[in-house]
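S.K.: Now for the letters of each chain:
Protein chains: 2
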Amino acid sequence: MKRVYLAGPEVFWPDARGALRRKSEITRQFGFDPAPPGDVQVPPGLDAHARGLHIGRENEKTMDGADFIIANLTPFRGPSADVGTAYEVGYMRGQGKKVFAYSDDARPYFVRLTEGYYAGAAQPDAAGGLRGPDGLRLEDHGMHDNLMLDTAALAGGGAFVALDGAPGEFAAFRACLAAAREWWAGR
Amino acid sequence: MKRVYLAGPEVFWPDARGALRRKSEITRQFGFDPAPPGDVQVPPGLDAHARGLHIGRENEKTMDGADFIIANLTPFRGPSADVGTAYEVGYMRGQGKKVFAYSDDARPYFVRLTEGYYAGAAQPDAAGGLRGPDGLRLEDHGMHDNLMLDTAALAGGGAFVALDGAPGEFAAFRACLAAAREWWAGR
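From first to last, the protein sequence lines stand for chains A and B. So that you can map any letter, position 136 of the first sequence is 136 in my numbering, and since no number is skipped, the others follow by simple counting. For any residue, its number in my numbering is found by taking its place in the second sequence, counting from 1, and adding 1000.
These are calculated hints, taken from the structure and not from any lab test. Careful, some of the hints might be misleading.
Per label pair, the in silico range of CB-to-CB distance [what the hints assert, rightly or not]:
no. : chain 1 : residue 1 : chain 2 : residue 2 : range
1   : B       : ASP1033   : A       : GLY129    : 23 to 33 Å
2   : A       : GLY168    : B       : GLN1123   : 17 to 27 Å
3   : B       : ARG1028   : A       : GLY18     : 22 to 32 Å
4   : A       : LEU163    : B       : ARG1187   : 41 to 51 Å
5   : A       : ARG22     : B       : ASP1134   : 16 to 26 Å
6   : A       : PRO14     : B       : GLN1041   : 46 to 56 Å
7   : B       : GLY1186   : A       : ARG107    : 30 to 40 Å
8   : A       : GLY65     : B       : GLY1038   : 27 to 37 Å
9   : A       : ALA166    : B       : ALA1126   : 22 to 32 Å
10  : B       : LYS1002   : A       : PRO133    : 34 to 44 Å
11  : B       : LYS1061   : A       : LEU163    : 25 to 35 Å
12  : B       : ALA1121   : A       : ARG22     : 20 to 30 Å
13  : A       : HIS49     : B       : ALA1166   : 26 to 36 Å
No residue lacks a Cβ here, since even glycine has one placed at the ideal position from N, Cα and C.
Here chain A stands alone, though its shape is the one from the complex:
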């Protein structure tokens, strides 16, 4: 049975444990062994910083023991995904492991930037692109997020599924699991 690292910002949700338990249950229904992040025993007596480093190292070890990753790249506190999850996608891809990603927000990244983050204030620049009032160029590659994240999923032969849905329904997550099951079945 293949083990999948369940990356995502659920650890910050109101019912973090419940969400990760639910994701683990769904993962098993698709025939995979779930490896959630943050499922860590922290030794007593550590200060906050040392606790953070301990959790970080444990998450890395969990990834080292996983065969592939399914990452929740739904926008988090801004127009892009959670940086911790983005880091984990890179960590797994750097090891040559398969990446499947999903988002509960179907809007393309470019739309989240133009209509969301910049709220119509981005303007054409001399090179024919768009820039925000902060001077930053807006990426427009028809992707779900920063091109490195889309590349991680697609160039490796995985998938990036984006479906509008309530976070706790896990519709895009299930679609991702279905794509992963199909891929592993074909190996």
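With chain A fixed as given, assemble chain B onto it according to the hints.
M.R.: Using the frame of chain A, we list chain B on its own:
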């Protein structure tokens, strides 16, 4: 001579080429061979999405050929770093390569969340932590960003340098290069 991948969101800056040229010059002054991202010849005839995938793959190849990474993790369009850069930190760390990180914003992540993103609206929860009005828990590990990013730099024996400074002055970047030079000299 060690080759360093110069990860960061400079590719979106108004003078992206100038900024990356300047970072490359400074890198050489510290005795390293600079490998900037986005220094890519894109074949003609590709649509926007294919161009994005091509750039993503080329950046990955550049990382494959680099010995270590120095990542600009200055907050980008929100309280956290650029997700593309976070991905690249993970990619290099997943390959067991050394991570040095810097930020031109010295404020701890927790302060950027409480005073910046949530602007005082975060409230204590039943577990003794803080939550935003969106229900999301605020990480408080005395770190510079999400704990995975700090872990990548510190648990691997690198450094995370945060100094308030204008982006184009590259003060924190230089401090990072100095730390990297010292580390490689001790090998």
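S.K.: Each hint: holds or not?
M.R.: To see whether the hints hold, each was checked on the structure:
1. B/ASP1033 x A/GLY129: 23 to 33 Å: Holds, at about 30 Å.
2. A/GLY168 x B/GLN1123: 17 to 27 Å: holds (22 Å)
3. B/ARG1028 x A/GLY18: 22 to 32 Å: violated (52 Å)
4. A/LEU163 x B/ARG1187: 41 to 51 Å: Once the Cβ atoms are compared, 48 Å apart, the range 41 to 51 Å for B/ARG1187 and A/LEU163 holds.
5. A/ARG22 x B/ASP1134: 16 to 26 Å: holds (20 Å)
6. A/PRO14 x B/GLN1041: 46 to 56 Å: Once the Cβ atoms are compared, 48 Å apart, the range 46 to 56 Å for B/GLN1041 and A/PRO14 holds.
7. B/GLY1186 x A/ARG107: 30 to 40 Å: violated (48 Å)
8. A/GLY65 x B/GLY1038: 27 to 37 Å: holds (34 Å)
9. A/ALA166 x B/ALA1126: 22 to 32 Å: holds (23 Å)
10. B/LYS1002 x A/PRO133: 34 to 44 Å: holds (39 Å)
11. B/LYS1061 x A/LEU163: 25 to 35 Å: holds (32 Å)
12. B/ALA1121 x A/ARG22: 20 to 30 Å: holds (28 Å)
13. A/HIS49 x B/ALA1166: 26 to 36 Å: holds (28 Å)
In summary, the structure is inconsistent with hints 3, 7 from the numbered list given earlier, while agreeing with the others.
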